[in-house]
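**Student:** Listed below are the residues making up each chain.
Protein chains: 2
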Amino acid sequence: MTKVYVVGIGQTPVREHWDRSARDLAVSSVLEAIEQAGVEKADAIYVGNALSGEVAGQEHLAALVADFAGMAGTEAVRIEAAGASGAAAVRMGCLAVASGLQEVVIVTGVEKMSDLTGPAVEEALVTATDEEYEAIHGLSLVALNALLMRRYIYEHHVERSDFAHFSINAHKNASNNEYAMFRRPITVDAFVNARMIADPISLLDSAPVADGAASLVLCSEKVVGERANSAVEIVASAAATDAMALHDRGNPLFLQGVYESAQRAYAQAGIGPEDIDLFELHDAFTIMGALSLEGCGFASEGEGVRLGIDGEIALEGRIPISTMGGLKGRGHPVGATGVYQVVELVQQLRGEAGANQVDGRLGMAQSIGGSGATVVTHILKSP
Amino acid sequence: MTKVYVVGIGQTPVREHWDRSARDLAVSSVLEAIEQAGVEKADAIYVGNALSGEVAGQEHLAALVADFAGMAGTEAVRIEAAGASGAAAVRMGCLAVASGLQEVVIVTGVEKMSDLTGPAVEEALVTATDEEYEAIHGLSLVALNALLMRRYIYEHHVERSDFAHFSINAHKNASNNEYAMFRRPITVDAFVNARMIADPISLLDSAPVADGAASLVLCSEKVVGERANSAVEIVASAAATDAMALHDRGNPLFLQGVYESAQRAYAQAGIGPEDIDLFELHDAFTIMGALSLEGCGFASEGEGVRLGIDGEIALEGRIPISTMGGLKGRGHPVGATGVYQVVELVQQLRGEAGANQVDGRLGMAQSIGGSGATVVTHILKSP
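Those sequence lines, one after another, are chains A and B. Going by this note's numbering, the first residue of the first sequence is number 1, and it counts up by one from there. Going by this note's numbering, the first residue of the second sequence is number 1001, and it counts up by one from there.
Keep in mind that the hints are not guaranteed to be accurate.
[Said to hold, decoys possible] Quick partial rundown of chain A residues pointing at chain B, CB under 10 Å, derived from the structure: (1) Q58; (2) R78; (3) D130; (4) R195; (5) A198; (6) V235; (7) A239; (8) A245; (9) H247; (10) A373; (11) V376.
Calculated from the structure, these hints are not laboratory results. These numbers were taken from a predicted model, which means no experiment stands behind them. All residues carry an ideal CB built from backbone N, CA and C; glycine is no exception.
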C-alpha cells in the first residue's frame, strides 16, 4: 500500500483514572504525540472509542477531542468497532493518508470505564455481541469466552492451567512498563487458584477494563521526507469481519476474522507469519490469545496454548506476545487498546522498549471486537 | 480529488418501523443498493449510526450489518459523529475509494429511534452535546436550538413566523416523496399555532426523529468504467468541526463548521455557492436551515430566512432546499440522515425525482452533528 509512517506517539498510563474524563485523557495523549511528531496541526483526527455513550452519556466524542486539543475546525470523526475501535481508527488513518487527500492525521484511542461499576460494566461490554440473539439470553462477553475456552479444553485435550502462561507472560512484561496497570508478576499457583468468573475463565484469565488514551501521528511519504530513515512505517493495514454471533460460525474454535484479517495483512506486506518478530495480540481472555496465535498461523489448531507452555511467547521466544503487558497486564481500555498496541510496537521497533526490548524488524498488532466479529491487523517495520 | 462515483442507491421509507430492527432496515437498503449497482461484493462497508447503543444496547453495528447482508468477512466499521454520522460515513467511503486500496464500498446510514419514547428520546439526542458543560445543566438539543433561534430573532429583527417557509417548503416537497414520513402540506397558520416545544421552537420547527436506512454503492473510476457517463460523481467531500459547546463559540449565530466545511468542498470542486443548483441541508430545526444557508454563502448573516420568505428555496427558486422533504418532511433518522440526503441528490441528478425534479447539474448535501460541532459536506455532479 501507499507508504504511511508513524512520526509521533503518546499515551497515558492505563489506570482507574477517577479524576480524569475521557476528553482529558484523549487530549493529553494527543498533545504528547503531536509534540513528539513536531507538527502543529493535522488534516484530521480519528478517534477510536467503544463506550463513551454508555459510560458517560457522551457521543460525538471526536469533535469534543478536537476542540479541547485546541484544534476546533479540524476534521474529526469517531470510529467504533467494539474492542477493535482503536485499531479500526488506525486503519481509517491509514486509508486517509493513503488517499493522498490527508498528509498528517492524528489517531487517538480513548476509553474511560471507571465511572461504571458492578453489573453496569458487563452491560456495557455486552453491547459488542448480538443483542437480539446473544445478550438477550444473558450471555455476557466473558460467558461467550467461557464457552469457547470450555470447548477448546474439551476438543484439544488441554488443562485450564495450560492457559496460565499467557497471563504469567503478560504480567511479567507489564512489570517493566510504567504505563501498565498491573505491574506485579503472577505464578501458576496464583492462576490456578484465582477466583472463578465464568467457569473455566478466572480472574487471571481476564484482562481488566480500564481508563486510558493513546495517540499516533501518521503522515505520508511526502511529509515524512528525510525522516523516513528514522520513522516506523506501517507496511500493512487490514480488517475483516466474521459472523457476529458465536452460534453462527461454522467452527467457533477457529476465528475466521482473525485468519482473514491476518492473511490480508501478510499479503499487503508480502510476508508470512514466519517473518513476524513480535505480536501484540488481543488477550482480553487467555482463550483469545490461543485462538489468535492459531488464526494468524503461528500455531496449528489446538496448538496455540503450547506456544505458552514452551516459552515461545516470551520476549526471547519464537514469537513474543504482549511484550509491554498486553491487555492482561497493561490493562484493556476497550476502545483505546488497539492504539496502545500500535504505540507499543513503535516503542519496540524504535528500540525504546527498555527491559522488554525485543530484537526485531517486523511487528504485528491485532485487535478483536466482540467475540471475533471484527478483527483489525497492522504490521509495522522498524526504521 | 480522485474520482468517486455513486453507482447504486437504496432506501427504506422513513417511518416509525415498530416491526423492524436497525439491522433489518440497514440490510434491506444495502441489498437494494447493491442490486442496483450490479455488484455482488464490496471491499468494505461503512455504517453511519448515532444511537444504536442508547436505543437498543447494540454497539458493533457494522459487523452485524455485514453479517446479515450476507457479507460476513467483508471489512466493516461504524462511523459516528452524532447527527452527521451518515454523512461522515459517506466521507469515509470517499477517502477509502480515493486511497486506491478499495474499489467498491458500501455506505449505509441507519437509525432505529422508535424503541425510545418520551424523555428517553431527548436523553439520547443530548449525547451529541457537551455532556459535562451543556447536557448536565439540562440543556437539551432542542433547547440549544431554541437559544440560537431566540438570539437570531433578536439580533436580526425577524419574527418567529418568518421561519415558517422552511417547514412549509419541506412538507410540500415531502408530499411527493413516497419514502417521506410526513406527506401532508402545512400552512403558515398551522406553523404559527403549532404546539410550543422549547420557546420559540414549536413542533413545526422541529424535524421528527424516525426510523430508516439508506445506502450507497461507491466505486472508483477504474470500476465504473464506461458507466462513468451515466453515474453520479462525488466531486467534493469535506468535513470540519467547531467548538463543541455553544458557549465556546465566538459568534454562535455564525456556524463556523458549516462555513469551513462548505469552503473546503467548494475548493475541491473548484466552484462557489453560485454554482450549486440544489442543496440538501440539515433542517433539524428551522433555525439550522437559516444558519446553514448563511454559513454556506447562499445568504449573508441574518438574511437566511429571507430566502424562505422570498420563495428562493422552492423547487423553482434560486437555491432549492429539502427537495425531497428534508429532515422536516422526510423525517430525521439521526445517523441515517446524511446518507438519505446523498441518495436524494442522486435521484435529483439522475432525473429520477418525479414531481420534485429540479433542473440542475450540481447538488450539495450537508449534515450537522450536535449544535454544529461536526459538519460534513458533499457536492455531486449529474452524469
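**Student:** Indicate, hint by hint, whether the structure satisfies it.
**Tutor:** We went through each hint and held it up to the structure:
{"no.": "1", "hint": "Q58", "in the structure": "4 Å, holds"}
{"no.": "2", "hint": "R78", "in the structure": "4 Å, holds"}
{"no.": "3", "hint": "D130", "in the structure": "7 Å, holds"}
{"no.": "4", "hint": "R195", "in the structure": "27 Å, violated"}
{"no.": "5", "hint": "A198", "in the structure": "20 Å, violated"}
{"no.": "6", "hint": "V235", "in the structure": "13 Å, violated"}
{"no.": "7", "hint": "A239", "in the structure": "4 Å, holds"}
{"no.": "8", "hint": "A245", "in the structure": "8 Å, holds"}
{"no.": "9", "hint": "H247", "in the structure": "12 Å, violated"}
{"no.": "10", "hint": "A373", "in the structure": "4 Å, holds"}
{"no.": "11", "hint": "V376", "in the structure": "9 Å, holds"}
The earlier numbered hints that this structure contradicts are 4, 5, 6 and 9.
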